[in-house]
Amino acid sequence: MGSTVSALKKSLEDPEQEKQANDALNVLAQVAQTRIDTFYQRVNSPQFDPGLVPISKVIYKYQYFQCGVSNNASDVSKTISDSLGAFISGDVVCGVNTIVGSALGYLLGNYSANASSTTIYALTTGELGGLCRIDADFYSYEYTSKSLTSITKNVVVCSLVISSAKLDGLTLNDVTGIVQTLYGGVDIGTQRRIRDQLWEQVQ
1 MGSTVSALKK SLEDPEQEKQ ANDALNVLAQ VAQTRIDTFY QRVNSPQFDP
51 GLVPISKVIY KYQYFQCGVS NNASDVSKTI SDSLGAFISG DVVCGVNTIV
101 GSALGYLLGN YSANASSTTI YALTTGELGG LCRIDADFYS YEYTSKSLTS
151 ITKNVVVCSL VISSAKLDGL TLNDVTGIVQ TLYGGVDIGT QRRIRDQLWE
201 QVQ
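Be aware that the sequence shown starts at 1, since it is given in the UniProt record's numbering, and climbs by one per residue.
Among these hints, one or two may not hold up.
Unchecked claim - Here are the simulated lysine to any residue pairs, SDA-like style, with alpha carbons at most 25 Å apart:
hint: 1; residue 1: 78; residue 2: 40
hint: 2; residue 1: 61; residue 2: 130
hint: 3; residue 1: 61; residue 2: 20
hint: 4; residue 1: 61; residue 2: 90
hint: 5; residue 1: 166; residue 2: 111
hint: 6; residue 1: 153; residue 2: 57
hint: 7; residue 1: 57; residue 2: 44
hint: 8; residue 1: 153; residue 2: 62
hint: 9; residue 1: 78; residue 2: 142
hint: 10; residue 1: 78; residue 2: 191
hint: 11; residue 1: 57; residue 2: 166
hint: 12; residue 1: 166; residue 2: 203
For the record, the hints were derived by calculation from the structure and aren't laboratory data.
Sequences are here, hints too, so could you generate the full structure?
Structure, rendered in structure tokens:
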């Protein structure tokens, strides 16, 4: 699964290793802050992607760091999905788990110049109802120097922006197409139930 940044720092007994970890992770934290600021501005912009279901209001933004993530990132995927607990329920939970897992698989398998990134988008609903749009930016940096790989092999950063979705003009056909595109990684029965769950919030 890997470890959080604070847990990693606590595990280091060598003062020199701790200093190297601090230097490397502090630089990465600055990069991550710039990424979430830029991503938040993009999501808020009407020009972000006119083809997506537009947002009404940004509800919540969150950033998650994990060190030493293996290619089997199912635990990380579950942790991220768990952080969305108020905004996902029913069959949507399974669908979001699959989307996040696929994004992490792509992220960890596509490093270029030590870095990798990808973005995802999903329409969801939680226990209280309402339709939300979740946008996520994933970024990972893979260390190659011996001094740093002895501390952690990589760091994964997930930046989440959760917004209420505008429902104007959405049809059942739109929702069906959206579910087929976003939730294509789950079986057709689950897709139908997700579609019905989302459509119930639109009607």
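Given the hint that residue 78 pairs with residue 191, does the C-alpha gap stay at or below 25 Å?
20 Å, holds
Holds or violated: are the alpha carbons of residue 61 and residue 130 at most 25 Å from each other?
Distance of about 18 Å is within 25 Å: holds.
Pairwise hint evaluation, residue 111 against residue 166, where the allowed Cα distance is 25 Å at most:
Status violated; Cα separation ~35 Å.
Within a Cα-Cα threshold of 25 Å, do residue 166 and residue 203 meet the stated pairing?
13 Å, holds
Under the criterion that the straight-line Cα-Cα distance not exceed 25 Å, is the pair residue 78, residue 40 satisfied?
Holds. Residue 78 to residue 40 sits at ~23 Å (cutoff 25 Å).
Would you check the hint for residue 57 and residue 166, treating anything up to 25 Å between C-alpha atoms as holding?
Answer holds: residue 57 to residue 166 is near 9 Å, not above 25 Å.
Taking 25 Å as the top limit, are the C-alpha atoms of residue 78 and residue 142 close enough?
22 Å, holds
Hinted pair, alpha-carbon criterion (25 Å max): residue 61, residue 90. Please report holds or violated.
22 Å, holds
Is the straight-line distance between the alpha-carbon of residue 61 and that of residue 20 25 Å or less?
The hint is violated at about 29 Å.
Given hint residue 44 paired with residue 57 - CA-CA distance at most 25 Å:
9 Å, holds
Pair hint outcome, residue 153 versus residue 57 [Cα-Cα no greater than 25 Å]
Answer violated: residue 153 to residue 57 is near 38 Å, above 25 Å.
Hinted pair, alpha-carbon criterion (25 Å max): residue 153, residue 62. Please report holds or violated.
24 Å, holds
Checked against the numbered hints above, the structure violates hints 3, 5 and 6; every other hint is satisfied.
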